[in-house]
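Assemble the whole structure, with the sequences as input and the hints as a guide.
Just so you know, the protein sequences line up as chains D and A, in that order.
Oh and the first sequence: position 251 is 251 in my numbering, straight run, nothing missing.
Oh and the second sequence: position 171 is 171 in my numbering, straight run, nothing missing.
There may be inaccurate statements among the hints.
Unchecked claim - To be clear about the criterion: a stretch of chain A counts as covered by chain D if any three or more of its residues have a C-beta under 8 Å from a C-beta of chain D, and this derived list gives those stretches: (1) 87-95; (2) 115-122.
As the list claims (entries may be wrong) - Here chain A is said to cover these stretches of chain D; the calculated rule only asks that three of the stretch's residues, wherever they fall, bring their Cβ under 8 Å from a Cβ of chain A: (3) 235-245; (4) 249-260; (5) 318-332.
In case anyone wonders, no lab produced these hints; they're calculated from the structure.
All of these numbers come straight from a predicted model, not from anything done at the bench.
Don't be surprised by glycine CBs; every beta carbon is placed ideally from N, CA and C.
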Amino acid sequence: MNPIALAERLLQLIPVLFGISAIVFSMMALTPGDPVDVMLGDSLATPAQRAAMRQDMGLDLPMHERFLRFLGNAVQGEFGTSFHHRRPVADVIAERIPATIELTLAAMLLALAIGVPLGVLAAVRRDGWFDRLATVATLLGVSMPGFWFGILAILIFSVTLGLFPVAGRIGYSSEVPFVTGMLLVDTLVAGKPKAFLEALRHLALPATTLGLAMAALLARVTRSAMIDALRQDYIVFAEAKGLSRARIVLRHALKNALIPTVTVAAIETGTLLGGNMIVETVFGWPGLGRLVVEAIFTRNYPIVQAAVLLYAVTYVLLNLVADILYTMLNPRVRL
Amino acid sequence: MSAAPLLSIRGLRTVFPTRQGLVRAVDGVDLDVAAGECLGVVGESGSGKSVTFQSVLGLVRPPGRIEAGEIRFDGRDIAGLPADALRALRGGDIAMTMQDALTALNPAFTVETQIVETLRAHRRVQGGARALRATAVELLARVGIPDPESRLGQYPHQFSGGMRQRVMIAIAIACRPRLLIADEPTTALDVTIQAQVLDLLAAMRAESGMGMVLISHDLGVVASHCDRVAVMYGGQVVESGPTRAVIDAPRHPYTRGLLRSRPDLAHPERPIVPIGGQIPDPAAPPPGCRFRPRCPEAGPGCDAPVALRDLGAGRAARCVRVAA
Numbered sequence: 001m002n003p004i005a006l007a008e009r010l011l012q013l014i015p016v017l018f019g020i021s022a023i024v025f026s027m028m029a030l031t032p033g034d035p036v037d038v039m040l041g042d043s044l045a046t047p048a049q050r051a052a053m054r055q056d057m058g059l060d061l062p063m064h065e066r067f068l069r070f071l072g073n074a075v076q077g078e079f080g081t082s083f084h085h086r087r088p089v090a091d092v093i094a095e096r097i098p099a100t101i102e103l104t105l106a107a108m109l110l111a112l113a114i115g116v117p118l119g120v121l122a123a124v125r126r127d128g129w130f131d132r133l134a135t136v137a138t139l140l141g142v143s144m145p146g147f148w149f150g151i152l153a154i155l156i157f158s159v160t161l162g163l164f165p166v167a168g169r170i171g172y173s174s175e176v177p178f179v180t181g182m183l184l185v186d187t188l189v190a191g192k193p194k195a196f197l198e199a200l201r202h203l204a205l206p207a208t209t210l211g212l213a214m215a216a217l218l219a220r221v222t223r224s225a226m227i228d229a230l231r232q233d234y235i236v237f238a239e240a241k242g243l244s245r246a247r248i249v250l251r252h253a254l255k256n257a258l259i260p261t262v263t264v265a266a267i268e269t270g271t272l273l274g275g276n277m278i279v280e281t282v283f284g285w286p287g288l289g290r291l292v293v294e295a296i297f298t299r300n301y302p303i304v305q306a307a308v309l310l311y312a313v314t315y316v317l318l319n320l321v322a323d324i325l326y327t328m329l330n331p332r333v334r335l
Numbered sequence: 001m002s003a004a005p006l007l008s009i010r011g012l013r014t015v016f017p018t019r020q021g022l023v024r025a026v027d028g029v030d031l032d033v034a035a036g037e038c039l040g041v042v043g044e045s046g047s048g049k050s051v052t053f054q055s056v057l058g059l060v061r062p063p064g065r066i067e068a069g070e071i072r073f074d075g076r077d078i079a080g081l082p083a084d085a086l087r088a089l090r091g092g093d094i095a096m097t098m099q100d101a102l103t104a105l106n107p108a109f110t111v112e113t114q115i116v117e118t119l120r121a122h123r124r125v126q127g128g129a130r131a132l133r134a135t136a137v138e139l140l141a142r143v144g145i146p147d148p149e150s151r152l153g154q155y156p157h158q159f160s161g162g163m164r165q166r167v168m169i170a171i172a173i174a175c176r177p178r179l180l181i182a183d184e185p186t187t188a189l190d191v192t193i194q195a196q197v198l199d200l201l202a203a204m205r206a207e208s209g210m211g212m213v214l215i216s217h218d219l220g221v222v223a224s225h226c227d228r229v230a231v232m233y234g235g236q237v238v239e240s241g242p243t244r245a246v247i248d249a250p251r252h253p254y255t256r257g258l259l260r261s262r263p264d265l266a267h268p269e270r271p272i273v274p275i276g277g278q279i280p281d282p283a284a285p286p287p288g289c290r291f292r293p294r295c296p297e298a299g300p301g302c303d304a305p306v307a308l309r310d311l312g313a314g315r316a317a318r319c320v321r322v323a324a
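Shown next, in the form of structure tokens:
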């Protein structure tokens, strides 16, 4: 990808971010409910105290002025103070990001490791029993809601069998020095294999819940792309050249078939990095998704706005990554 | 023709089960190719000419299968050979080029990869990556691609149509095959490029002494480049013989029809007469002669089964009206 095209794509971010900010800002402002009421509740605060607090948080200004102020600060990387935490929004979000990244990477690795081989095998054994079984399984995987599967997994594996913890990222007894914020990495860096295993056990169920659904999606995409690739003339020609079946399937067909798979995987990674609100909530995973859910319920505008902007940036960047991978797999495409 | 042909096909029947019934795409084909000889195989789409040679290479896709017949290569029956033995033969002793190099070459790999993997599969080059690369450069040079060193790293889409066809030919001849099956080598090309590619194929054949099968729907292509010709219709060979003799004095009505349906530059005043009707339904071919429903000369006796009859002088025809 040449630098001009790259710069162009990054410049496209500006109008996207502006538009998203405007939409999120107005949605939050138009939603009934008042952060001051949420924070003070039915306490004995006087109307004067409430007004002072509102003024303090900048909520007394007209909407357009608040939006402009938000934009002005955001451009300088300043996202304000979280109403609830009384700390800078950037700090609160930064704290939650590693947990979401860890969960996302684990889920995506699992999804690729299961989904791609499953799709390839189903395509090669098309209409055989394996393919039929895989089709049913992936249909289930795609259509099963994450919260239902997650709760089911907790009931079976945590509550009944006691194999995995119910929630959280690691036990309270483990102290892990902060390096990357991803516990699997940090525990290893600190040389604490016990804490590593504990973190892994915590990660297992949420990662599997997200990973299996994603694996099902990737398997379906890979299968149909492989079936299409195996039908092409270049496969016949590869056979006529006397290549081995393995090379024909795993190189000639798969490299072409991976184009749609990689695109879907990259976009899905973008979605996951935004924090999977449902799965993070079900498993009490202290990531970005759960933070946003909490923030929406408490009308914590600054957190919601900053998080949504972050989603947008991640999403656009991951799409860019997908495009770059696309050009690597498909030499006909030049960005 | 020498006593033991390089390739000898006898009674080949290749079938495809379909909803309409069993389609006999190839139904009792006999063909011979001598070493160093060029056999032209002519016929309309659906005449079974491509399937015949896909059967030779074991490239018929399930549920299609070879139901009967014998395919001898160099005296050895290769029909129904196990996969490994067939793979060694494909691209090694028997190579194939396809109609359109744009779709036959894999778009995701460089030309170098696609040549080298063939060499590797047949272990024809001693030495490592450098020797393989040198052989690939040499092959591109041999098929007339200018500046082969720098083009080796390019992808198929970066080549012009004619150059792509040359790349495909380079891959096919990479392991010095003894038989090259060229399936419609010019159909996808501009007219000006067609002659170049045919000349290249002829030069490669002259250089290496390999036998060649040139499959085409165009009698003109076959006429100028093949020693012998076999005309196929409805999954059967209807006429075969030395090219000149067949074209000058066709014995089967279908061959005559083919010749009349193409323009003749030597006699531009001669009208072009298309063959009326359509090729028969492959799942339910007419009894007797397959060409009877379209044949202007059909008469009593044509609905009885008819065999390919030897007419002497290396010629044969499948028609009851032809006297030996």
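At a Cβ distance under 8 Å, does chain A reach at least three residues of the region 249-260 of chain D?
-> holds (count 4)
The region 235-245 of chain D covered by chain A? Criterion: 3 or more residues, Cβ-Cβ distance below 8 Å.
-> Holds: 10 residues of the region 235-245 of chain D have a Cβ under 8 Å from chain A.
Proximity test - 8 Å, beta-carbon atoms, the region 318-332 of chain D to chain A, at least three hits | It holds, with 4 qualifying residues against the three required.
Annotated coverage of the region 115-122 of chain A by chain D, confirmed only when three residues or more have a Cβ within 8 Å = holds (count 4)
Between the region 87-95 of chain A and chain D, see if three or more residues pass the 8 Å beta-carbon test, and mark the coverage as holds or violated.
-> With 7 residues in contact (Cβ-Cβ under 8 Å with chain D), the coverage given for the region 87-95 of chain A holds.
Violation of the numbered hints given earlier is absent; every hint is satisfied by the structure.
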